[in-house]
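According to the working numbering, the sequence shown is numbered sequentially starting from 1.
Just so you know, the hints here were simulated from the structure itself, not pulled from any lab data. Cβ atoms here follow ideal geometry from the backbone N, Cα and C, with glycine treated the same way. Keep in mind that a hint or two might mislead.
[Said to hold, decoys possible] Pair ranges (Cβ atoms, derived):
#, residue 1, residue 2, range
1, 12, 64, 44 to 50 Å
2, 6, 204, 42 to 48 Å
3, 22, 207, 21 to 27 Å
4, 126, 206, 20 to 26 Å
5, 59, 234, 27 to 33 Å
6, 43, 170, 27 to 33 Å
7, 5, 148, 25 to 31 Å
8, 3, 200, 44 to 50 Å
9, 148, 206, 17 to 23 Å
10, 27, 221, 26 to 32 Å
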Amino acid sequence: MDDAFRALADPSRRRLLDRLNDRNGQTLRELCDGLATSRQAVSKHLAVLEAAHLVTSIRRGREKVHYLNAAPINAIADRWLSRYDRERAAALADLSTALERQSMESPAFVYTTYVRTTPQRLWAALTEPAFTRRYWGGVALASDWQVGSPVLWQDTPDGEPRDLGQRVLIAEPYRRLSYSWHGFQPEHAEHFGWSPEQLAARLGERRSTVTFEIEPHGDAAVRLTVVHDDFSPDSEMHRAISGQLDGSGGWPELLASLKTLLETGEPITA
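Input sequences plus hints: build the corresponding full structure.
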């Protein structure tokens, strides 16, 4: 948390965060465009932001793509806002939403967290039905995790697995997993209080994609980066998975529960 405050104290670094807030997912070259700052200086600022976990990067070919990371902001909110009336604090600003809000042209959600576990155990937590049921609120995800295979949802232990149209796109054990996301379902309309017309409008959104990047971090931890992107402009699904809709904890809550389960043996009870 101290690293995050120190990183935010510099106006040049805040400017870089603003640029990523305007358009998330930029290379070093793109971030340097239009700045009266050397490439080397921008690179050093990005290194500070990454060390504070305010920015996360993913290598795409020969370049690194930089994204905002909301995890430290969530930690700050949890520490400070929990001491006061959260209802009043929410009226001022939601810190995680402020950093996760994307351009309407290409919204994306990126979240990096560090888990005291192994890549093998984290992979099991992402792919084994008995594991997912514990932190997905009772839902088990079932698949053989071969490219092109469906990802089925089982709402109850005795329930029939449902095919919501999700398909495995990438499966590299202990390193990378990606699958297409589902569209809204009737139970979402009931949960969020949408009318039939509102649900019908949201069913027109294109399917998005979620990707899990797994990297060893030190001797006893793993760096997990979740990238959920390819949403329709002004996507309601993007707001839902980001935790920006009332009644939706989204990925931040789910990943916190996953981390807690792996580190303590018990998930967060929502």
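Could you work out which earlier hints the structure fails to respect and list their numbers in ascending sequence?
-> 1, 7
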